[in-house]
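Trainee: One-letter residues, chain by chain:
There are 2 protein chains.
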Amino acid sequence: MRDWENNIRKVVPYTPGEQPKNTCVIKLNTNENPYPPAPGVKEVLSNFNTDDLRLYPDPRVDKLVNAIADFYKIDSSKVFVGVGSDDVLAMIFMTFFNSKKPILFPDITYSFYDVWADMLRIPYEQLPLSDDFSIVPSDYYKANGGVVFPNPNAPTGKLMPLDEIEDIIKHNQDVIVVVDEAYVDFGGESALPLIDKYDNVIVVQTFSKSRALAGSRVGFAMASPVLIKYLNDVKYSFNSYTMDRITIEAATAAVKDRAYFEETTAKVIKTREWTKKELKRLGFTFCDSKSNFIFAKPANVSATKLFEDLKADNIFVRHFSSPERINDYLRISIGTDEQMHTLIKFLENYSC
Amino acid sequence: MRDWENNIRKVVPYTPGEQPKNTCVIKLNTNENPYPPAPGVKEVLSNFNTDDLRLYPDPRVDKLVNAIADFYKIDSSKVFVGVGSDDVLAMIFMTFFNSKKPILFPDITYSFYDVWADMLRIPYEQLPLSDDFSIVPSDYYKANGGVVFPNPNAPTGKLMPLDEIEDIIKHNQDVIVVVDEAYVDFGGESALPLIDKYDNVIVVQTFSKSRALAGSRVGFAMASPVLIKYLNDVKYSFNSYTMDRITIEAATAAVKDRAYFEETTAKVIKTREWTKKELKRLGFTFCDSKSNFIFAKPANVSATKLFEDLKADNIFVRHFSSPERINDYLRISIGTDEQMHTLIKFLENYSC
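Chains as they are written, first to last, in full-length UniProt numbering: chain U, 1 to 352; chain R, 1 to 352.
FYI, nobody ran anything at the bench for these hints, they're computed from the structure.
In this text the structure is predicted, and so the values were computed from the model without any measurement.
The reader is advised that the hints may include incorrect statements.
Each pair may be met inside one copy or between any two copies, as identical chains are not told apart.
When the alpha-carbon atoms are kept at most 30 Å apart in a straight line, the in silico DSS-like pairs for lysine-lysine are as follows [to be verified]:
no.: 1; residue 1: LYS10; residue 2: LYS101
no.: 2; residue 1: LYS267; residue 2: LYS280
no.: 3; residue 1: LYS197; residue 2: LYS10
no.: 4; residue 1: LYS21; residue 2: LYS229
no.: 5; residue 1: LYS100; residue 2: LYS42
no.: 6; residue 1: LYS63; residue 2: LYS311
no.: 7; residue 1: LYS63; residue 2: LYS10
no.: 8; residue 1: LYS229; residue 2: LYS311
no.: 9; residue 1: LYS21; residue 2: LYS73
no.: 10; residue 1: LYS101; residue 2: LYS276
no.: 11; residue 1: LYS10; residue 2: LYS100
no.: 12; residue 1: LYS10; residue 2: LYS170
no.: 13; residue 1: LYS256; residue 2: LYS42
no.: 14; residue 1: LYS280; residue 2: LYS229
no.: 15; residue 1: LYS21; residue 2: LYS63
no.: 16; residue 1: LYS63; residue 2: LYS42
no.: 17; residue 1: LYS229; residue 2: LYS277
no.: 18; residue 1: LYS142; residue 2: LYS267
no.: 19; residue 1: LYS270; residue 2: LYS100
no.: 20; residue 1: LYS101; residue 2: LYS63
no.: 21; residue 1: LYS42; residue 2: LYS101
no.: 22; residue 1: LYS280; residue 2: LYS73
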């Protein structure tokens, strides 16, 4: 072994969901939106002057920051943007989670939290969800270096009521509390109003789900101007120009089209509710998802077997082999009505 | 002060060059390419199917990685891509610079190295350039936690011969040595062949200068497959999907057009050599730049005054107020022939 190997930051990397190259696949494995992005995005591409790509983008990303601020009716000093909410969350971990006390998050949750903590050498404690997969607010009353959880939670899709979130925040006034709302637009209630009441709260959202721009990589955080400033300081020290020129324009067009956003999220919700009824009829058990996926346990077959059989039939869903408590479940993204009909038909005819 | 403030990573952020919104400006302040990106980039935008943006991009970025590997005639296992070379360098600092010994870099150099080291709490030592702004290889013989320098150096534009680079590498077999070649395509000689001879060497390049895609944010590293794997492990632990779908296509088109690349870099070099002659005639002193900028000291006026007077005339160049040794200099990016004629004409008529 060479000496330089001692100085390497060795990590166990996150494994992203499969991105099959076969386009015949019904892709219900990475919680993408089944509908295209807002029509304005197409226009952006048609009208974009390619010659401008020779110039650096605006490092402050004012145009997109202002469009997000307008949409949520908040001041632009309360908005931070990044290359997907993963980038935003990684920056938050780097900026705010530098205590010697452990940060707290659920044991069953977005699988990146422990990856970031491990990579950044942040101590952490994973608090078990209750038997019905709920986050228990009182578990978060103990001394800690910060708190982060998704709402709705992943991969359960379960929503925590806003008063319980506020309870966690009230008991954690000495640390930063991050509410990761990647899926909140599909029927959840955002903690956004709490950023004005508590200066230690950060709400994180993404353009990858409800705004159908997973391929563009855009996420954002909303918090008090003081927190946004600290976050920008670290971001400018890491990579000043993260958002490229085309993405700034595309994401701005997407966020400006409120009607399309409301229409497509409503469609996803409607399809989800239909899928729930069908899955229930077929004996599946699942939490009452308020996200664009359903985390469901089949009745008479192992999740692993059903996962493989679906895949053989070109229907991709997601299976997590660990932790053990969830390996009987499959996470099924909500596709179009047609895709969900195909899935339900497969399950109706399925005998293992 | 609230308790959470103690846990914040406080940094002094890098200040990016001005991005004036006034388009009448002659912009010679951020080393952008005066020519547009390869024609294939325009085609990419015209033909891009916006609907695909709803899907996550390929986290491995195979298409672009393979195109870069083809261009440089190396195996794709030796290529890593990121969101600009700043992202690539930040990932390298995180992955490889984890020793308690200081990393070494020049005192006058790319102004981001100390920002990353400060932000990531990496100890460092800045080694003074010689009186003629040369990097002195023997300064880098001492024990250290890693070595990084640009070649050509920034903001001097001065090229270090390959045998001196190899000398530094030979004396640093126990650490990672990073050669940052942002400007190498404008007449420099790349250290790329050394990655096969030494498994501890990383060569970093960017699409922001010679490939005219500063607005797209693309950079890359080339090194032994072992180093690339460690780098990808950390990258996948930080942000799995950094490169967006449009940028992957645009950058692939750019790298595939070797003829356009050679033609436009040759034009920049020709304009640079003409500008050198003119600046010399006007009494400026400067290093023999092999980059797309000239770091020049005016004869009878302070750099600060000339900087302001140029700006008042809508000609933007870059002035660094620190370190003191360089505050008599201006960094002038190479624009089109027409832009450089305008600059020279201004200087001819200039009396302070």
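Trainee: Can you give the numbers of the hints that this structure goes against, from lowest to highest?
Mentor: 5, 10, 14, 17, 18, 19, 20, 21, 22
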